[in-house]
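Enquirer: One-letter residues, chain by chain:
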Amino acid sequence: QKEVEQNSGPLSVPEGAIASLNCTYSDRGSQSFFWYRQYSGKSPELIMSIYSNGDKEDGRFTAQLNKASQYVSLLIRDSQPSDSATYLCACNSGNTPLVFGKGTRLSVIA
Amino acid sequence: DGGITQSPKYLFRKEGQNVTLSCEQNLNHDAMYWYRQDPGQGLRLIYYSQIVNDFQKGDIAEGYSVSREKKESFPLTVTSAQKNPTAFYLCASSRWDRERVPQHFGDGTRLSIL
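Chains A and B are the protein sequences, given in the same order. Each residue of the first sequence is one higher than the last, beginning at 28 in our numbering. Each residue of the second sequence is one higher than the last, beginning at -5 in our numbering.
Some hints here could point you the wrong way.
Claimed, not checked - To give an idea of the interface, some chain A residues facing chain B are shown, with a C-beta separation under 7 Å as derived from the structure:
(1) SER70
(2) LEU73
(3) SER76
Source of the hints: derived by calculation from the structure; they are not laboratory data. Where is the CB? At the ideal position from N, CA and C, for every residue including glycine.
Turn these sequences into a full structure, and let the hints steer you where they fit.
Expert: Structure follows, in structure tokens:
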């Protein structure tokens, strides 16, 4: 059974701080990794993808991947109250549907 | 605008009734998916389809049925056999390549029991 594990939170950070969200996965064959943001009552929205070891930056977001440790993370710099949401980690290998974690709820305190 | 359209936004089911949730996409994606999300929970895969006239069961297919007669459409029927149907239902689509393929979601249908 392929699994993706996330701390459910809530993770509370002050406005302007760095929020660090973490994810581990069980399938060593996983090749593609994604972060989705889901606001309360809304559907998930893709915000980052990463496929190679290392860091990938997009604006205030940085995704980090370490395949040897089977670990993916998402850093949000200069956190804003509008970043308060649940962040879902997902991964897949080959022709299979994405496997999602249960999500980490982030609360940015103004 | 390209996207995924789910309807209705809210749906109520009576005891013993089957209900059908609609999902249409104009992204020319090969693959379509149905997920169920319960409060405070992650996404659980119900069914997925890689190609027209073919579909596979996901982790929680019991009590649900699907069809894929057109590339653009993947309706989900919640049957009376599904005893706890109250949830947020999400349809997604994607290309069907070997890897590096994100899924994109519709706005969801919220189903409740009357």
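Enquirer: Please name the hints from earlier in the document that this structure breaks, with their numbers sorted from lowest to highest.
Expert: Violated: none.
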